[in-house]
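J.: Both chains are given apart, each in its own frame, so use the hints to dock them into the complex.
Going down the list, the protein sequences come from chains L and F. Numbering-wise (full-length UniProt numbering), the first sequence opens with residue 1 and increments by one. Numbering-wise (full-length UniProt numbering), the second sequence opens with residue 1 and increments by one.
Please note that a few of the clues may not be correct.
[As the list claims (entries may be wrong)] Between beta-carbon pairs, the in silico distance windows are:
{"#": "1", "chain 1": "L", "residue 1": "I471", "chain 2": "F", "residue 2": "N136", "range": "56 to 66 Å"}
{"#": "2", "chain 1": "L", "residue 1": "E438", "chain 2": "F", "residue 2": "K137", "range": "14 to 24 Å"}
{"#": "3", "chain 1": "F", "residue 1": "A106", "chain 2": "L", "residue 2": "H207", "range": "51 to 61 Å"}
{"#": "4", "chain 1": "L", "residue 1": "D358", "chain 2": "F", "residue 2": "R113", "range": "54 to 64 Å"}
{"#": "5", "chain 1": "F", "residue 1": "N136", "chain 2": "L", "residue 2": "P375", "range": "51 to 61 Å"}
{"#": "6", "chain 1": "L", "residue 1": "E466", "chain 2": "F", "residue 2": "E151", "range": "40 to 50 Å"}
{"#": "7", "chain 1": "L", "residue 1": "T361", "chain 2": "F", "residue 2": "E44", "range": "26 to 36 Å"}
{"#": "8", "chain 1": "F", "residue 1": "E143", "chain 2": "L", "residue 2": "N439", "range": "20 to 30 Å"}
{"#": "9", "chain 1": "F", "residue 1": "G153", "chain 2": "L", "residue 2": "A443", "range": "34 to 44 Å"}
{"#": "10", "chain 1": "L", "residue 1": "L634", "chain 2": "F", "residue 2": "K39", "range": "10 to 20 Å"}
Treat the hints as calculated values from the structure; they're not laboratory data. Don't be surprised by glycine CBs; every beta carbon is placed ideally from N, CA and C.
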Amino acid sequence: MEASVYLWDRQLVENAQGNQEDRIVAFKKDGVFVHFYNPGNDDDKIIGGTLSIVEEGHKRLLEWKPNEANLPADEIDNEHDTQVLSGSSSAVVGTEVQDCSTGQEISSEMRCPPSNEGKESSDPEWTVVNDSGHSKSNSVDHESFELAMDAVPSSQSSPETTVPNYAFSVQLQEIRYIKRSNKGLGWPYIVLEMRDGGTLPTLHFHHKGCKKFLKIVETYVPTAPSTKYPRTIEILQDNPNALAQSFDELNLFGADTSGQHHHPGAFAKKLIQDPVTTAFSGFSKVTNFLQDMLNPAETMPQSRPMHERASVMNEDATEAVGAGRIQIKQDDSSGGFELITCAQLGPRCDPLRGQPLDVETWNNHKDEEGRIIDPDGIKEIIFRGGIEPVLRKEVWKYLLGYFEWNMTQAEIKSYKKDKEDDYYRMKLQWKSISADQENRFSAIRDNKCLIEKDVTRTDRTRIFYEGNENISLKLLNDILMTYVMYNFDLGYVQGMSDLLSPILEVLAGEVDAFWCFVGFMNIVQHNFDVNQMGMKTQLKNLRVLIQFLDPKFWDHLVDKESSNLYFCFRWLLIRFKREFSFEDVQTLWEVSWTGLPCPNFHLLICLALLDTEKQKLMQPECGFTEILKHVNDLSGSIDLEATLRKAEGLYLQLVTCKRDLPETVKDILGLNK
Amino acid sequence: MAAQRATNNAAQGKICQFKLVLLGESAVGKSSLVLRFVKGQFHEYQESTIGAAFLTQTVCLQDTTVKFEIWDTAGQERYHSLAPMYYRGAQAAIVVYDITNQDTFARAKTWVRELQRQASPNIVIALAGNKADLANKRMVDHEEAAAYSEENGLLFMETSAKTAMHVNEIFLAIAEKLPKNEGGTNRPRPEVDITQSNPPGGSKGCCSSH
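Chain F extracted, bound-state conformation (with noise of 0.2 Å):
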């Protein structure tokens, strides 16, 4: 397939579909985040996710737009036998933690080694420390975390879904890090000129960061 794409490489603008599935302790604001990315909103009291929701949203980078298909899952240890369904054949993973929450730090570690064992070998893995916006409750350092991600090859940073921040940027910086060349391997599709058809759902905020 990559070799299909390589003949084909002259295209100026495609479009790649990545599969991004979301983990991490329940309540920690994984449903929020994708709300937040996806429609731009928050509802403080979000409700819990039972079994599985999936949302879509696309990212435009220099020459590509990127189209996410998230899967957003059930935090619930009970539940967790259920994930491997979701995260199989992603090609991203954004692992969320709390940072007001000491044991959903070490969840979250727990995720990230299942992930690399378990999930596709060349799977994107970012850590997300949300709830940002709660600093004077922090019981994650910055640092540790940080440091963690480092050790591990994740991408990371502290977001807040309530305020916004670093919301769209850790999905931009997931897009950016995600092979384009090999883009789609989920879904192979023939490369689309996008100056000729317009981006799917394109939505502020996420397409102006180039």
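Next comes chain L alone, as it looks inside the complex (with noise of 0.2 Å):
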């Protein structure tokens, strides 16, 4: 669905209107003004109309029609000039024009709900994106990127775009929200937005009427205040049809469309005809299924916030357990749709942490020959407490995959050698290119010139790092040339020197670094994959999660255009190298590796961190670039224990009702193992 600015053509309007005798003018309002913006030039142009209620046999229309001698010349010429966007109840026409008059701290609250974040994208592009400042516009490119901002605007709109016209007719009922301006920015303005998420042209009360409009809006159709927005109104339904729309808004039947029976309208309607019958034949199959309707991929696309739609299901519940979490599932045996039921959040815990292994600890767990026996023994200290500094030159090694845990220390020692010769042999591979081959082989000098580059600006200022002839500098960018040769269809990717850093001083040789540089990389290399994969997968996770376990938060988030969580990227992208000191860094990456409790623990930090954040993230004011500054100045004040024992306990929280949680997030979580 396009979130399209509508406009009405003329032609069609008149005919609409056709039958004259049949129309009472409930009310009328000279003086009400659109803005057009033109992007293509300064010449601001601004329609002067009149607005009006109009009963219209059963139908309540609001129209809007500017006086003829505002209409640009041109645009009187061309009056049809326009095309076909959608064919609604009333005759609706469109064109690529964007309403720019509302101006961007309204468009900043309001974001265009059915943007298709989270649809399935194919497209390895994040986002193809212009803008002419502002969100309210038909977009091409939603899907292209399910991390774009929440309204992306149209790509490619012409400067040279002609003045529309504005004139509409539309039913009071087809309106969703009236929006109001905010006090004291001028003429009071309000954005009316369609309940398929379009809007019409922004409509300014330059002789003021913008109140009393709203209370004959009031008298005429079912309102009450948006629990979405500020300063809106939203207009409920009262059509027979609406119960069924509602359900399909709800989105509870997955992808499963094949099954007419299922089909959620038809059980509404069932319901409506025969209530009783009906209801009780439902309850009768009450079961206690769960449906994953936190499926990204169908609901997202979904405009409604979760604590709406499950509001129209069930007042009560969604009070008891907080919206995200009301689940229900057809019963497929039975052919009926039936039961409700939710997913309740026991009380979160505050697991203790633990010491760190310690060498006695560790030498314990070694046999004679030098096998490390119970490796999960030793895996669940390190997560409850890390590793001593002493030790972890020799315990990465198996952590990262670099030793198996099995091997004996005679194994061990053939199998450095071979690896020793391995990394050798691919070293030798660039260090023997000459610059004359290299003049002819781009792939090799550009990712030799990008290692170069962040070489010499990583963790500078630790001592390890510091000064112009450390030999450190030489191993981290030879490790990392190595790499390019190891995983050449990679190459280097910035945040990989990041990422070799602390591992190569923690590791201190060359060799044993690169190994074990390799077997972090194997972990987290889609994180620099060049579509972007590993990156939207994790940040969609997150999503999920964040959802799921607070969509309170959630809401606001989708309100702030930071529901892409785009300002979670560096954390991610380099496990929270930059956020943490050194010390703690190694910590929180032993912690990690150890792979307990579960696979993405490292999102139920992020999790964390933001559960700890979101007082401040919440606040009103607080918008997409607020959120961005605030997560980015976190860096270097954030309590690593607190913030582990907040993740574990999450994950606590959520695997004590695994049996209710939703199969997304068992996935993400590795619960249906």
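T.: Structure representation (structure tokens):
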């Protein structure tokens, strides 16, 4: 669905108004203006017109017509130069014009609801965007980038766009939100958002009358203050199809559209026709099934925030458990729909952290030939307390998969020899490329250049890397170059030097550091995919977890155009390397390398960090920019131990109600195995 | 909105807020220019930018306080696809290259083309030839870059984040060129009489130029 600006072609409006006798004008207001911002030049246009509410049969129409004198000549000559966008009940005609008259302040509070974020993307580009600075436009690229800003503006808006005819006539019931401008910004204006997410031209009340208009609207249609937007009233639906539509919007039935009898709308109709029988036969089939309503591929494109969707279902349950966790599933075997249940999260505990793995314990876990006995026990200790610094050099080799836990010392000795040979073989490959060769070898040249640029600016304040003639810089460079030969398809990508730097400092030796780096890269290499798939997947998974665990916070992020979670990009890309002190990063990494307590534990760490900062991030004035800045500025001030405790607490909280978790959440946390 | 402001044009001093984005090949000195402009600092080994960074700085023109919201981006090509998130809605951009590296100048040109094609139509673009203190290693002619800028309607200066040469100047030149009567199209706000309120976060060297 496109969030387009609706424009009603005058001819069609007139057709719709054909039978003038049935029309009663209940409200009429002159001096209501549409501001047309023409991005191609500085020539803003303001079109004066009349706003009216008209009773026509059983219809209640909201109409705006420009005063003829105000129309630019070219527009009058060319009034059909518009294209049909959609065919809803009214004659809806649109052009690719952006309505920029509302200004950013308003638009920043008002996300275009039907953004397709979360839709599975086949486009490798995250976004191809252009913007004239405003978000209420139709979008061609929503699906290209699930992480894109919530309202990605259309590309290629042509500067030479002609001024359109903004006249419109719509049924009041087709409007969902009426958003009022903030006080003190000059003329009051309203933004009208349609049920399908499109918007009508913004109406500016140059001669007052905005409040009166809203009062009149309230007498014609049921309204309520919006829970989603400030200074906004929501027009409630009162038609008999509303229930069916609400069920449709709930999108509780995932991708299964095959079974017609499962259609929620059908159930709703049945419920209306024969409520008692339908309800009781439904209740008799209630079982504890859960539907994966959190599958982002299906639910995210829906415009409604979770709390709204859920409240349509069951007001009480919503309040009791938090909207994001209402679950519904149809009963496949009986052909009925029916059951409601919810996954109630229990209290969150604060698990204890432990002591780091020490030399004695480590040695006690070795048999006489040097095999590590009970690696699971070792990992458990590391997960709970990290590793004493002196031991890291040895233990990291196991954690990162360079050594196998069951290798004897003798095996390790010969294995190391092989790995050393392998390393120098690959190192020689790039070392032996002559300058002349390199001139015709852009792939190597480019990687070399990128690595040089980053090596000179990686952790240079560390003693280990300081000074210009530092051998560690050369090692950093050589290991990264050799990694390029090891994984040429991936090549060097910015961020890798951050991942190698602590490893090299701990391992100290070139070959060991290389193979441990390979082990770490095996875990995170998809972060560096050309098409950013790895990052997209992680951000998507994080989104699922936030939606489930903290729907309120999620709604806030959506409202603040931050649902792409882009502010977590640095956290994820280099596994919090820039967020903590060098010492803490080492602890954090070794904890996460244990793979305990579940896959994607780092996402729970993100959740823990966000949870800690939630108060600040949810301040009303905290928008996309402020959120990113706040998150960036956390660097160096985060309490690692508290964060790890909270992250594990979240895990325990989830695992306690494992049976009731949506499939997607279970998949992310590996609870399906 | 423009009309709205026109009714209110009597204000003596006003605050305009502009979004500015820095683009350019990696390691040309984008973050260093921002750091010099915002904090007056220079770090020889400024770490690479992962994702994006955000800073603000305010400059004073005759009767206008211009607040820059500065987005500093990661330069490597691999992260190119994220850039539109940052230049969307920007009223100004500084495209940076390194005068000691011809490739970065070529890359700067492609950024300019992309901005001209995809960014806001009225975006003010400045080209900064950074690392001008390394003139002995120069690979990009001043004249060539100046001519290119002339052809494309760009502001152009050679800068040095290290010596602070032309750093404030390039931001000021942008502030001058931005349309103040439409300033803050990004964030319309009531115009403020600056005699009654302190300009936010003004720094030395910026507010003294006029």
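J.: Are the hints correct? Go through all of them and say.
T.: Hint-by-hint comparison with the structure:
Taking 56 to 66 Å as the suggested C-beta distance range, the pair I471 (chain L) and N136 (chain F) does not conform, at roughly 28 Å. Remark: the range hint 14 to 24 Å for E438 (chain L) to K137 (chain F) is upheld by a beta-carbon distance near 20 Å. Evaluation of the 51 to 61 Å hint for A106 (chain F) and H207 (chain L) yields a pass: the beta carbon distance comes to about 56 Å. The given range of 54 to 64 Å is respected by D358 (chain L) and R113 (chain F), whose C-beta atoms sit roughly 59 Å from each other.
For N136 (chain F) and P375 (chain L), the Cβ-Cβ distance of about 57 Å falls inside the hinted range of 51 to 61 Å, so the restraint holds. Separated by about 44 Å at the C-beta atoms, E466 (chain L) and E151 (chain F) satisfy the suggested range of 40 to 50 Å. For T361 (chain L) and E44 (chain F), the Cβ-Cβ distance of about 43 Å falls outside the hinted range of 26 to 36 Å, so the restraint is violated. A hinted range of 20 to 30 Å for the beta carbons of E143 (chain F) and N439 (chain L) is consistent with their spacing of about 27 Å.
Take G153 (chain F) and A443 (chain L): their Cβ atoms lie about 36 Å apart, and the range 34 to 44 Å holds. A hinted range of 10 to 20 Å holds for the C-beta pair L634 (chain L) and K39 (chain F), which are about 19 Å apart.
In this structure, the earlier hints numbered 1 and 7 are contradicted, and the remaining ones agree with it.
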